[in-house]
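Undergrad: As a plain string of letters, each chain reads:
Protein chains: 2
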Amino acid sequence: MSAKIRPLSGFPELLPAQRVVEQQVVDTLRQTFELHGFAGIETRAVEPLDQLLRKGDTSKEVYLLRRLQEESPEGHAGLGLHFDLTVPFARYVLENAGRLEFPFRRYQIQKVWRGERPQEGRFREFTQADIDIVGRDTLAFHHDVEVTRVMLDALSRIDLLPSLRLQVNNRKLIQGFYAGLGIADTDEVMRLVDKLDKLPVEQVRALLVDEAGASDAQAEQVLALATIRSADASFVDRVRALGVEHPLLDEGLTELAALVAGCADLVDDRVRIEADLSIARGLDYYTGTVFETRLDGYESLGSICSGGRYDALASDGRTTYPGVGISLGLSRLVVTLLARTGMTADRAVPSAVLVAVNDEDSRSESDAIATALRAHGVPCEVAASAAKFGKQIRYAERRGIPYVWFTGEAGHQVKDIRTGEQVAADPDTWAPPHDDLRPKVVSRTDQEQKQ
Amino acid sequence: MSAKIRPLSGFPELLPAQRVVEQQVVDTLRQTFELHGFAGIETRAVEPLDQLLRKGDTSKEVYLLRRLQEESPEGHAGLGLHFDLTVPFARYVLENAGRLEFPFRRYQIQKVWRGERPQEGRFREFTQADIDIVGRDTLAFHHDVEVTRVMLDALSRIDLLPSLRLQVNNRKLIQGFYAGLGIADTDEVMRLVDKLDKLPVEQVRALLVDEAGASDAQAEQVLALATIRSADASFVDRVRALGVEHPLLDEGLTELAALVAGCADLVDDRVRIEADLSIARGLDYYTGTVFETRLDGYESLGSICSGGRYDALASDGRTTYPGVGISLGLSRLVVTLLARTGMTADRAVPSAVLVAVNDEDSRSESDAIATALRAHGVPCEVAASAAKFGKQIRYAERRGIPYVWFTGEAGHQVKDIRTGEQVAADPDTWAPPHDDLRPKVVSRTDQEQKQ
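In order, the protein sequences belong to chains A and B.
At position 404 of the first sequence (counting the first as 1) the number is 404 in UniProt numbering, and the numbers step up by one without a gap.
At position 61 of the second sequence (counting the first as 1) the number is 61 in UniProt numbering, and the numbers step up by one without a gap.
Only chain A is shown next, with the shape it has when bound in the complex (with noise of 0.2 Å):
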């Protein structure tokens, strides 16, 4: 291959030292999921066209997939690139309904699609994390704080993610309010509640009079529950205290009460949990509990892991399947992080040992000291020649590799290269201390001081 090459903006790709710090964070989610009994799937990349349109609004950031040798594009089978991880989950529950066990949990991490134009942590092309739990006919409401309990003791096993809100609500106890207002277009004040992040609130209480046909008096009730904000179950009083009156917004103040106090064990000060009247997620077709979650510091990325409680996840006219689920942006995150932070590995290989070669004639004997160090499970390397043993410690110096192998006439000795201190040692038997034995991450700052 020879070309010119040219990064593709909005598909973002990772140096093997990055990659490190991606493949830690997927393997933290994956043990977290499963600890908490969550089976892992994937389904495939394309569903038929149809399917993902269903959400009108996001039809515009769809890829469409034909093949070079199709005769028209009329032709094809009217497949796209799945844009999230919902559709699919939800056609594969329906597809294979018959063999799962409800309540059915999944955890999925696969890159999705769409065309958007690409800025900070918007790409084309990103992986996202989810979990869910769907029932069949029912899904009782303690799965709620089921998911996000797990999504919380996930988010707190990332070590290296800042401190974080996961923010909560309840479109039952907005829905219950509005309507004890006497509202009538109650999704179309939801949407412009959701503008709230970004347009003045003066301006959001003339689009709800002006466009949702809000009185005044409407207007300041809608904006009063908008500022409601508490890190316990104190906001019932509160919401209580405006004076509105419905059996729904009983239901969802409940929930909601019942869902902050069920992850009070699990906050601390880097992962908090909070109720935040304001969270709508806008056109989503959410029935109960809603999550969006800020990562403090970058506001400017939005939500990095939303979610809740669909009455109806999927539906084949005879079974509906109720679910609750959180998508993480796992991209989203990880390449932000790097990208601000410098956050990188300490070593871009996965050795924690350089086998050194003594001349091309014994590379054998190198090989046969590596496999001995693998039999129980030390990641390591032979050097790609027999150079002199000055520049195999910088070619390992150069990789971040810890460890130097040296066989002679002393018989077999390993140099820790950073310290200079160098040890006789059996390849059967020898480990390094664990802390060296795989790759850490380490931030820009860790990176210069050592350096």
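Derived by calculation from the structure, the hints in this document are not laboratory data.
If you're wondering where the values come from, they're calculated on a predicted model, not measured in any experiment.
Please note that a few of the clues may not be correct.
For identical chains, the list gives no copy identity; a pair is met inside one copy or between any two copies.
[As the list claims (entries may be wrong)] Calculated pairs, EDC-like style, for lysine to aspartate or glutamate (alpha carbon to alpha carbon, straight line, at most 20 Å):
#1 111 / 27
#2 111 / 311
#3 195 / 95
#4 111 / 84
#5 440 / 95
#6 440 / 346
#7 388 / 101
#8 440 / 34
#9 111 / 13
#10 440 / 101
#11 391 / 101
#12 391 / 137
#13 111 / 42
#14 198 / 299
#15 111 / 125
#16 388 / 359
Given chain A, put chain B in place with the hints provided.
TA: Frame of chain A; chain B shown alone:
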């Protein structure tokens, strides 16, 4: 979502228990590749179309991308989905050459797409697992031995595989032999010899004479070479006995003999290596070592693991990057094994324990037990409803969860529901036997005996 649900031919999807099998294979590959110092990278799913079409003969298989809202197909960026991991890797090497250390070892486990007609083992979307070592300007031959050893090690660690043989040959050997015979168009002869596994030998003989312009004597020698195979270096004498001489042939014989000898210690009854002088890898641009792999009893699948040496994996005009690598058709392997053997996992969920719920009011106590179990790495889930204990046990049985945790007047008790044995246990310290901690791969026979 409600709609007609149609599986798409060529886009295989797995049930959760089947996905456990695939995930274990992926984990084993990744672990082995990292033990050998290979860095994991991912590349974007798309490449510019002109890059994808450089290999003329695969153009028919490419999927083109177009955004739904794009004005006209002509206006698009000319992107297609990658059909292998070699083209994107070569591009990645050129794009990042200044930031990589050479020789650069990488593994890459990703989906690829080809618009082929689906059949057993041939999919439109499938996962490949590739390893390559790429050098700058030069790459020593011992790296050919290294990638072979890594893949043999990986294959021997995948317990569920039937026995197999890695077939190796060398383009220099073939081309040197043909040149020594006085054949002008060695590429055409190689292409025809590659048909030996599909066509009768007499037909290939005729094609050699009619299409490649070989004499009867030359065709005879070409076919004689292609019959030679051996599990050790004895092929060298058999080639010499044909009386052909050429420097390139000598080089090829030396390399191939070194390859077979260099892997001898990794060979056993299940994983063999064989010099097979009929292997040519058709039109691919290999320049030395070539690989194919056959699973015993699955001959119709063709090669499940192929590759070889490129003198120019990539080039930017100034610098050339030689490489050697092998690509394992992971989906071809796993989906076929699952379909043919009924292999699956003994449970469809990661949970080793179901924590029973006494009543909804005490659900948080069950949650606390689950949290304690997870804190020392025991995957578990809490029962979805406070049904009668018999019903909760059947809930666990249907999912294959081996243990149920009860809390009552007798304190904490854990029951192995396969044996009925129930013992007192502390949620902060109790763990199942190691063998029960993760789902296990089982054959259909195991499953039938269990039921």
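Undergrad: Please flag the earlier hints that this structure goes against, numbers listed from lowest up.
TA: Checked against the structure, the hints that fail are numbers 2, 3, 5, while the rest are satisfied.
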